[in-house]
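Fit chain B to the supplied structure of chain A, relying on the hints for placement.
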Amino acid sequence: QKEVEQNSGPLSVPEGAIASLNCTYSDRGSQSFFWYRQYSGKSPELIMSIYSNGDKEDGRFTAQLNKASQYVSLLIRDSQPSDSATYLCAVKGSYQLTFGKGTKLSVIP
Amino acid sequence: EAGVAQSPRYKIIEKRQSVAFWCNPISGHATLYWYQQILGQGPKLLIQFQNNGVVDDSQLPKDRFSAERLKGVDSTLKIQPAKLEDSAVYLCASSLGSLPTGLSNYGYTFGSGTRLTVV
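As given, the protein sequences belong to chains A and B, one line each in that order.
Sequential numbering of the first sequence, starting at 450, is according to this note's numbering.
Sequential numbering of the second sequence, starting at 33, is according to this note's numbering.
So here's chain A without its partners, still in its complex pose (with noise of 0.2 Å):
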């Protein structure tokens, strides 16, 4: 069962912080990894994808992946009240994309 960990958080940061998302995956094949954006009552919306070890950054979103270890993260930098949502990190194995069950992320003005 390839499984994707993340904490359910409530994840609560001021306005203008940093906020720090973690995920860890069990399936070591894992080639591509994604984070999603979920606002309450709306589907799921893609932010960042990531493939290779390091950082990937885009706009105030840094994306953080490290195979060795088998984790993933997200930094959101200058967090603004309009980042509050959960977070989903999804991995994609040879054919399907798994998800964890996301971080709830709280700005707080």
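Hints in this document: simulated from the structure, not taken from any laboratory.
Among these hints, one or two may not hold up.
For lysine-lysine, the following DSS-like pairs were computed, each having C-alpha atoms within a straight-line distance of at most 25 Å [claimed, not checked]: (1) A/K550 x B/K103; (2) A/K451 x B/K76; (3) A/K491 x B/K110; (4) A/K451 x B/K43; (5) A/K553 x B/K76; (6) A/K505 x A/K553; (7) B/K94 x A/K550; (8) A/K491 x B/K115.
One side of the interface only, derived from the structure: several residues of chain A facing chain B at Cβ under 8 Å [stated by the list, open to error]: (9) S469; (10) F483; (11) S492; (12) P493; (13) L537; (14) G549.
No residue lacks a Cβ here, since even glycine has one placed at the ideal position from N, Cα and C.
Chain B in isolation, oriented as in the chain A frame:
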């Protein structure tokens, strides 16, 4: 580009009744997925189609769930008979492709989902 269309948005049924959901993927997307998301959990894959063939249905409860994708475009997911534990949001997603090897840059695009309540 039009997104993934799903209907209905909401459905309330009694246990043991049947229900069907419809999905129209983004034009040109070969791969279609049905996910079940129970409140407080991440989406769980039920079935994956590549064109009109099934790639993975290992987590589909086949005694009560069925799905088809005729002509490789629209898809329907059916539950018969429904149980209380089927209450969830059913998400349809599509992507350009799903390759077993190499890197997949094909993030999935989700529809707005169907919220099913079984009472």
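Results for each hint:
1. A/K550 x B/K103: 33 Å, violated
2. A/K451 x B/K76: 12 Å, holds
3. A/K491 x B/K110: 22 Å, holds
4. A/K451 x B/K43: 31 Å, violated
5. A/K553 x B/K76: The hint holds at about 18 Å.
6. A/K505 x A/K553: It holds: about 22 Å lies between the C-alpha atoms, which stays within 25 Å.
7. B/K94 x A/K550: 24 Å, holds
8. A/K491 x B/K115: Between A/K491 and B/K115 the Cα gap is close to 24 Å, so the pair holds against 25 Å.
9. S469: 19 Å, violated
10. F483: 6 Å, holds
11. S492: 4 Å, holds
12. P493: Given a least distance of 5 Å, the restraint on A/P493 holds.
13. L537: Since the shortest Cβ distance to chain B is 5 Å, the answer is holds.
14. G549: 5 Å, holds
Hints 1, 4 and 9, counting from the list given before, are not met by this structure.
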